[in-house]
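Combine both chains into one complex, guided by the hints.
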Amino acid sequence: GAGVSQSPSNKVTEKGKDVELRCDPISGHTALYWYRQSLGQGLEFLIYFQGNSAPDKSGLPSDRFSAERTGGSVSTLTIQRTQQEDSAVYLCASSLSGQDNYGYTFGSGTRLTVV
Amino acid sequence: GQNIDQPTEMTATEGAIVQINCTYQTSGFNGLFWYQQHAGEAPTFLSYNVLDGLEEKGRFSSFLSRSKGYSYLLLKELQMKDSASYLCAVRKPYSGAGSYQLTFGKGTKLSVIP
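Heads up: the sequence lines are chains A and B, in that order.
For reference, each letter of the first sequence is one residue, going 1 to 115 in this note's numbering.
For reference, each letter of the second sequence is one residue, going 1001 to 1114 in this note's numbering.
In case anyone wonders, no lab produced these hints; they're calculated from the structure.
There could be a bad hint or two in this list.
[To be verified] Straight-line Cα separation of at most 16 Å, EDC-like style, residue types lysine to aspartate or glutamate; simulated pairs:
#1 B:Lys1076 to B:Glu1056
#2 B:Lys1106 to A:Glu44
#3 B:Lys1076 to B:Glu1055
#4 B:Lys1092 to A:Glu85
#5 A:Lys15 to A:Glu85
#6 B:Lys1109 to B:Glu1009
#7 A:Lys57 to A:Glu68
#8 B:Lys1068 to B:Asp1005
#9 B:Lys1092 to A:Glu44
[Said to hold, decoys possible] Label pairs and their in silico Cβ distance ranges:
#10 B:Arg1066 to A:Val115: 27 to 37 Å
#11 B:Asn1021 to A:Tyr102: 14 to 24 Å
#12 B:Ala1039 to A:Glu14: 24 to 34 Å
Quick caveat: nothing in here was measured; it's all calculated off a predicted structure.
Ideal Cβ positions, reconstructed from N, Cα and C, are used throughout, including at glycine.
Isolated chain B (complex conformation) (with noise of 0.2 Å):
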């Protein structure tokens, strides 16, 4: 089965640093996936980790570790505009009929404040 676990709410000051956790429990890993959601709006690629370690993109960083089923998404020099949900999602490798679909967790909400 998949089990993808996040923080439901989180609040962080403007300027702040801020670190979203998930830790995840699926049957086969193939990547994993971090959405910036908007309110009414679609969701949006962030970032991919297939492999251990952090992948840096800006204001953005995500880090992975297989071994612990467990990745972070680490936003710098906080927004206003970055209050959002951010959704984990993992990737299942293709078995033969099935599909390269992603599982996602329930996404973590958050406020930036003044």
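Okay, chain A solo, but in the shape it has when bound (with noise of 0.2 Å):
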């Protein structure tokens, strides 16, 4: 497509539910990253996928949280029996592979919301 994609734009979840969050980057970009953006704090990384393979998961704060990447293009993540503390914009980024001079394009991000 012609920009990264992410749905849904805002879930609302109740404590303790599972929720799945939807990457779909920019076609033919190989490297694919999640950030989660709290209010007042910067972009935190999460995990980074090349390919399918994901050689970088050192930002996932807890065994919640998982991500799977499949045909080298969408990317799903997943939040088992979230909590509050999870709400947050969760931000998808994308690149050609990675090394690029322009950094990431970065979709619009899902917002979560834990009540």
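Here it is, written out as structure tokens:
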């Protein structure tokens, strides 16, 4: 596609429920990143995909968080047993190879609210 | 570790010039990026510096001093639409199974007033 697409744009869920966030990167981009942006905080790295593999999962905050990528394209970030501290905007970004000199192209994010 | 500092908020007048500073202390360096983020929108790429010096792109310029761990973004002829958050980010060198991830500062919220 022309840009990075994320869905849903907004998600309100009850504490303890599982949620799935979807990212559709720019076609042909092999590198895909998930970041989290909380109020008053900088973007926090979660996980990096190169193709379908995730060589860097160091930012996932707990084992309730997982992500996968299929076909070298769409990625899904799953949060199990959501907690209120998981409320944030989850941003996905992609780049051609990861070492591009324009950084990433971001999606508009999914605003997750856990009540 | 990674530590990136930038002012939380700034206010400037339409038509003026504003400089947004960023200092960083990181384990490894492979480029510094500036992004603009309007409220509720995705961050968008503004500039990239990997060598010392000034990069100019229209009304926006970005400067880097690697020895000082310092960068600034200069915005000239400010317009109301420049009101946004400006994010400074440092890229680490690739390291085996690692990634080219960017580490972001908390952003500087710029308000442009008439």
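Practice task
Against the structure, test the hints numbered earlier, and report the numbers of the ones violated in rising order.
Solution key: 4 and 10
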